[in-house]
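Q: Chains as they are written, first to last, in full-length UniProt numbering: chain F, 1 to 266; chain H, 1 to 266.
Hints are computed from structural coordinates only; laboratory data are not their basis. Keep in mind that the hints are not guaranteed to be accurate.
The list treats identical chains as one, so a pair stands whether inside a single copy or across any two.
Think about it this way: if two alpha-carbon atoms lie no more than 20 Å apart in a straight line, the pair counts; the simulated SDA-like pairs of lysine to any residue are [said to hold, decoys possible]: (1) Lys95 / Gly16; (2) Lys95 / Asp75; (3) Lys95 / Thr82; (4) Lys78 / Ala31; (5) Lys78 / Val46.
2 protein chains.
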Amino acid sequence: MSRFGDAIAIRRVAEGRYEADLDGGFAIGGALNGGYLMALLARAAVDVSPHAHPVSTAAAFLRVAKAGPAEIHVDTRKTGRTAATSRATLVRDDKPLVEALITTGTLEPGTEPSWAGEPPAPALPPYDQCPDFRSGDERDRGFADQVDMRYDPATMGWLDGQPLGRPEVRAWFEFADPYEPDAYALALAVDALPPVAFNLGFRGWAPTVELTWHMRAVPAPGPLQLHGGGRLLAGGWFDEEVEVWDSAGRMVAQSRQLARVGRPGS
Amino acid sequence: MSRFGDAIAIRRVAEGRYEADLDGGFAIGGALNGGYLMALLARAAVDVSPHAHPVSTAAAFLRVAKAGPAEIHVDTRKTGRTAATSRATLVRDDKPLVEALITTGTLEPGTEPSWAGEPPAPALPPYDQCPDFRSGDERDRGFADQVDMRYDPATMGWLDGQPLGRPEVRAWFEFADPYEPDAYALALAVDALPPVAFNLGFRGWAPTVELTWHMRAVPAPGPLQLHGGGRLLAGGWFDEEVEVWDSAGRMVAQSRQLARVGRPGS
Numbered sequence: 001m002s003r004f005g006d007a008i009a010i011r012r013v014a015e016g017r018y019e020a021d022l023d024g025g026f027a028i029g030g031a032l033n034g035g036y037l038m039a040l041l042a043r044a045a046v047d048v049s050p051h052a053h054p055v056s057t058a059a060a061f062l063r064v065a066k067a068g069p070a071e072i073h074v075d076t077r078k079t080g081r082t083a084a085t086s087r088a089t090l091v092r093d094d095k096p097l098v099e100a101l102i103t104t105g106t107l108e109p110g111t112e113p114s115w116a117g118e119p120p121a122p123a124l125p126p127y128d129q130c131p132d133f134r135s136g137d138e139r140d141r142g143f144a145d146q147v148d149m150r151y152d153p154a155t156m157g158w159l160d161g162q163p164l165g166r167p168e169v170r171a172w173f174e175f176a177d178p179y180e181p182d183a184y185a186l187a188l189a190v191d192a193l194p195p196v197a198f199n200l201g202f203r204g205w206a207p208t209v210e211l212t213w214h215m216r217a218v219p220a221p222g223p224l225q226l227h228g229g230g231r232l233l234a235g236g237w238f239d240e241e242v243e244v245w246d247s248a249g250r251m252v253a254q255s256r257q258l259a260r261v262g263r264p265g266s
Numbered sequence: 001m002s003r004f005g006d007a008i009a010i011r012r013v014a015e016g017r018y019e020a021d022l023d024g025g026f027a028i029g030g031a032l033n034g035g036y037l038m039a040l041l042a043r044a045a046v047d048v049s050p051h052a053h054p055v056s057t058a059a060a061f062l063r064v065a066k067a068g069p070a071e072i073h074v075d076t077r078k079t080g081r082t083a084a085t086s087r088a089t090l091v092r093d094d095k096p097l098v099e100a101l102i103t104t105g106t107l108e109p110g111t112e113p114s115w116a117g118e119p120p121a122p123a124l125p126p127y128d129q130c131p132d133f134r135s136g137d138e139r140d141r142g143f144a145d146q147v148d149m150r151y152d153p154a155t156m157g158w159l160d161g162q163p164l165g166r167p168e169v170r171a172w173f174e175f176a177d178p179y180e181p182d183a184y185a186l187a188l189a190v191d192a193l194p195p196v197a198f199n200l201g202f203r204g205w206a207p208t209v210e211l212t213w214h215m216r217a218v219p220a221p222g223p224l225q226l227h228g229g230g231r232l233l234a235g236g237w238f239d240e241e242v243e244v245w246d247s248a249g250r251m252v253a254q255s256r257q258l259a260r261v262g263r264p265g266s
């Protein structure tokens, strides 16, 4: 198993009840990454379903989740031939940390689309032209140590106080400890980019309020491309959309989150 | 009260329990419109919240809802200063018809965006250049009688067996029986267009599996513009995104749904 494979392990303890050990390696500043938490909830939803894939996950992030033991409660609300839907809750100390609605279905690998839109523009530059933007600081950086992300330099000016002026971030995505793309990797990938609001001049923690993502195809092996964008930042609320494309040139996941901005400037 | 105002009335019968009379006027082919059901659930979520607006609604559509009495169960999962989140369920005969996760917040009217993206392209033609595409048949048509929608003719060729070849539909939206835009009108508006898959040559019922929408601003009075698009149709699943813009030129709501296609051709 890889680090991520171990981190998303769940243990069934009763019907609709699971235990998990939340891995602090997937924390950013002490708070566990929302994509990691969605991956855990999806594991449980798939476990109770006759279907293989979490085709739709809507998650509301209620409280900060930190490393340590947690429970997952899954309540199946409908099981159908094409899809099944459950409520899934990540719980600690009897308090819900994340509430999700997860619909499972089965996607056949290699399905030819009936219709597919153009890849997002602008394109992500080739992998070897995208730096990792790691500093020389080698102490444990949590989430950033678990992934191997290479960023489009055009979308990283905010690091030097020169935000792009548009809510865009693009990057290549792989795990540092190899783990080939699957449904759970996609759950992580849709919440792996720095907040697009950083390129509008905001900094600091940008808590996700709600994130819905859809798995659209079984991803091919190899690095994923993440294309993050957004449409509006108003009253402290912003939306962030991420499309995930695989090495075979297919859109394999799409997400939108509604989040709050941190402090302007810095 | 208008027909829509009456149709979304709810009666509180206990803590977190409401009764509603589902109005068959909002049915399409016997099945009640999902946007109408989301509006009812949002009414209940706002009623239990200290906040004024349903800023984020994620809904899974489990069973067809028909006209008649129903219950709404609301379970608050967190109440915070900026946002509160509830699970809301539309129930009939002890079975969930729609499961939703609703986060409420308060949006100030007239908030100037910190950043706003360009209006969608292509633009919707002026109102008087958009026909209503009503046939001469004046019998009760349900949903289509409750709204006054004027469609971009470029996106209506599917009616004559000439689909556009791209998943796009655009229209002006008002209620037939006047009701000024508010949060609940927006819930209806994001699910009011014909399925974008009709412009890819599919016809028939296209059931929504999951729809998430965000209210982004308090809408100005006057007609709304609906811009529907999509990114992928594969294995019978398609996504449909709708942006709702108000008469003041602001994006007031954005949605994405995952749905299933009906029969190809016909």
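Q: Look at each hint and say if it fits the structure.
A: Against the structure, the hints:
1. Lys95 / Gly16: Both: 17 Å inside a chain and 19 Å across chains, each within 20 Å.
2. Lys95 / Asp75: Answer is both: 16 Å inside a copy and 13 Å across each meet the 20 Å cutoff.
3. Lys95 / Thr82: Between copies only: 19 Å across, 32 Å inside.
4. Lys78 / Ala31: between (32 Å within a copy, 18 Å between copies)
5. Lys78 / Val46: Cα proximity of lysine 78 and valine 46: one copy only (13 Å, versus 26 Å across).
No hint from the list above goes unmet by this structure.
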